[in-house]
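*Asks:* Protein sequence lines, in the order shown, are assigned to chains A and B. Going by our numbering, the first sequence wraps up at 372, each residue one higher than the last. Going by our numbering, the second sequence wraps up at 604, each residue one higher than the last.
Just to be clear, a hint being listed does not mean it is correct.
[What the hints assert, rightly or not] Here are the computed lysine-lysine pairs in the BS3-like style, where the Cα-Cα straight-line distance is at most 27 Å:
| no. | chain 1 | residue 1 | chain 2 | residue 2 |
| --- | --- | --- | --- | --- |
| 1 | B | K460 | A | K2 |
| 2 | A | K2 | B | K600 |
| 3 | B | K389 | B | K596 |
Please keep in mind that the hints were generated in silico from the structure rather than gathered at the bench.
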Amino acid sequence: MKLAWQNISHDRARFLTTVLGVSFAAFLMVFQGSLLAGFLQAASRFIDASDFDIWITARGVQAFEFGATVESRFRDLAAGVPGVTETGRACMAFSLYRKPSGKQQVVALVGADSNLGKDFPVPDHVERVEDQSPDSILYDASDRGAIEAATLPAAVEINGRRANIEREVQGYGGFLGVPSLFTSYRNAARYLGFGPDDGMYILVRVAKGYAVADVQQKLRERLPEVDVLTREEFAHKSRMYWVIKTGAGSAILTAAVLGFLIGLVVVSQTIYANTMENIEEYATLKALGASRTFVARIVLIQSLICAAAGSVLGLLTVVPAMKYARILIPWIHTPWYLPAMVVLASLAMCSLASVTSVRSALTVDPGRVFRA
Amino acid sequence: MLDELLAIKDARISFGKGNAQVHALRGVSASFRRCTLSLVTGPSGSGKTTLLSLLGCLLSPDEGKVFVDGALVNSLSENEKTDLRRRKIGFVFQAFRLLHSLSAIDNVALGLEIRNGKQPDQIAAARDLLGQFGLAEKANHEPNDLSPGEKQRVAVARALAGNPSILLADEPTASLDAAAGKNICQILRNQVEQNGKTVVVVSHDPRWQEYADRTIVLGDGQIKQEEKVAYS
Numbered sequence: 001m002k003l004a005w006q007n008i009s010h011d012r013a014r015f016l017t018t019v020l021g022v023s024f025a026a027f028l029m030v031f032q033g034s035l036l037a038g039f040l041q042a043a044s045r046f047i048d049a050s051d052f053d054i055w056i057t058a059r060g061v062q063a064f065e066f067g068a069t070v071e072s073r074f075r076d077l078a079a080g081v082p083g084v085t086e087t088g089r090a091c092m093a094f095s096l097y098r099k100p101s102g103k104q105q106v107v108a109l110v111g112a113d114s115n116l117g118k119d120f121p122v123p124d125h126v127e128r129v130e131d132q133s134p135d136s137i138l139y140d141a142s143d144r145g146a147i148e149a150a151t152l153p154a155a156v157e158i159n160g161r162r163a164n165i166e167r168e169v170q171g172y173g174g175f176l177g178v179p180s181l182f183t184s185y186r187n188a189a190r191y192l193g194f195g196p197d198d199g200m201y202i203l204v205r206v207a208k209g210y211a212v213a214d215v216q217q218k219l220r221e222r223l224p225e226v227d228v229l230t231r232e233e234f235a236h237k238s239r240m241y242w243v244i245k246t247g248a249g250s251a252i253l254t255a256a257v258l259g260f261l262i263g264l265v266v267v268s269q270t271i272y273a274n275t276m277e278n279i280e281e282y283a284t285l286k287a288l289g290a291s292r293t294f295v296a297r298i299v300l301i302q303s304l305i306c307a308a309a310g311s312v313l314g315l316l317t318v319v320p321a322m323k324y325a326r327i328l329i330p331w332i333h334t335p336w337y338l339p340a341m342v343v344l345a346s347l348a349m350c351s352l353a354s355v356t357s358v359r360s361a362l363t364v365d366p367g368r369v370f371r372a
Numbered sequence: 373m374l375d376e377l378l379a380i381k382d383a384r385i386s387f388g389k390g391n392a393q394v395h396a397l398r399g400v401s402a403s404f405r406r407c408t409l410s411l412v413t414g415p416s417g418s419g420k421t422t423l424l425s426l427l428g429c430l431l432s433p434d435e436g437k438v439f440v441d442g443a444l445v446n447s448l449s450e451n452e453k454t455d456l457r458r459r460k461i462g463f464v465f466q467a468f469r470l471l472h473s474l475s476a477i478d479n480v481a482l483g484l485e486i487r488n489g490k491q492p493d494q495i496a497a498a499r500d501l502l503g504q505f506g507l508a509e510k511a512n513h514e515p516n517d518l519s520p521g522e523k524q525r526v527a528v529a530r531a532l533a534g535n536p537s538i539l540l541a542d543e544p545t546a547s548l549d550a551a552a553g554k555n556i557c558q559i560l561r562n563q564v565e566q567n568g569k570t571v572v573v574v575s576h577d578p579r580w581q582e583y584a585d586r587t588i589v590l591g592d593g594q595i596k597q598e599e600k601v602a603y604s
């Protein structure tokens, strides 16, 4: 509607203020949403990276990062359960890393069998067997500075044992505040000092034709001493642990919720102020005989124009901001649907805000037109 | 067809409560015949604008009755009053009340759109209306670029858009210089003479008496004097 567009474009300063308000809200929502999404993704990254169906963990394990040892014989027991076609192993523990310079650093060491899935960072999987160094270690690119491996391969030590930094991988930066190193399960077990009977995570692939839930139930019956979780259950448990039970996760969740609420308030306030700015004109329209629908449509269209312009501007500014943020926060992640959700949320917020301001426009006394 | 297009019977209305209560109208009765220009005058606070608001279905009386083209306004809902205004009444305001973001032609076209819904020829019709008031060349100017006299002519064109039978004007010449004021007086008189409109003007401006068929003088919320003059 021409009037709606003319109303908001006529006062460019006010329009710009409104659009900036909405874009700030959109920016805030995308940024905080990306922090939360990235945190959730990082909290279950290794679990999601495996393509096995079931995880067997020590009783009470809450997250991949805080595992406990289980008896390695459980792997054989699991393999004997009908419907289990393959098993694998993984482990994770904090270790002491001696850099090429001789300095020491605590690292998160992740070890896994090479059959865990193509997304799981394991040296054996990505290199030919004949090229492998037995002590091969990978690190995430975001930890390059902390690893201090100027040339590759670099000879280092993990828990006092020799290791070779072979190469970088991308996309496995964590939020633990220490570098992550990846190696084969066999190497990791050696570095961590596992005995021959020790294991940490036993992974189970379910054969085609078997229901995962059925196999899970059978495993629970066979292995009552441990937790048997589907991949999705363990991933969810891990995410909930980090988001709900840790202060950091709660802070990010709270910030994301606050980001949404602040966005809602900012958008509501700007849209309401915009409507009140034109309240005399709405009174005139009503005096001239404009129907409630006519007036409401103008307010709603104005709101939607501001929402669309603001959210597009917000998204345009958040793209470079995220690029820089990723340098400091490697795990930040913007899922493809988040910008779309933010645009929809902005439209919804503006519509919601316009409902409040429409009330003001519709209840304005048309008789005020005679007050000069 | 009723000869009296507008009528008000023993209307009483007050604003505020307790000691602050103001009795704006105290039992006013008046009727307004078709094809006439009536002037309502009186000192400030005498109830002129309140009377105009009642006639324009913008207010309802506490007591008494208001009729517009035979319809009892008191019994109408807000939506029905809005509909009645849309169909029958055009307004001209002292402060023009043009939409500042729209050009002159868009203001008039908006008046047409409110009355008739969106029509493909409304811009042409608006241009035609502006042309009748000598504003064809200012059609694309925004209100801020127009003189007060031009603004008021645009406002009259908007009020006449959609051809309402009643025109209610509140101090339409108060913000205008002598020449522009006279021009507006003549335009509204012409609407009575040439287009059969029923015009009610509330004004302090004595010039209107030359153009009015009758003058109602209000004072303290009551009709103090009613004078019929033959417009010549």
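*Asks:* Take the hints in turn and mark each one as holding or not.
*Replies:* Here's how the hints hold up against the structure:
Between K460(B) and K2(A) the alpha-carbon distance is near 25 Å, which keeps this suggested pair within the 27 Å criterion. As the CA atoms of K2(A) and K600(B) are separated by approximately 46 Å, the hinted pair breaks the 27 Å bound. Of the pairs offered as hints, the one joining K389(B) and K596(B) holds, with about 26 Å between alpha carbons and a cut-off of 27 Å not exceeded.
Hint 2 from the list above is the single one not met by this structure.
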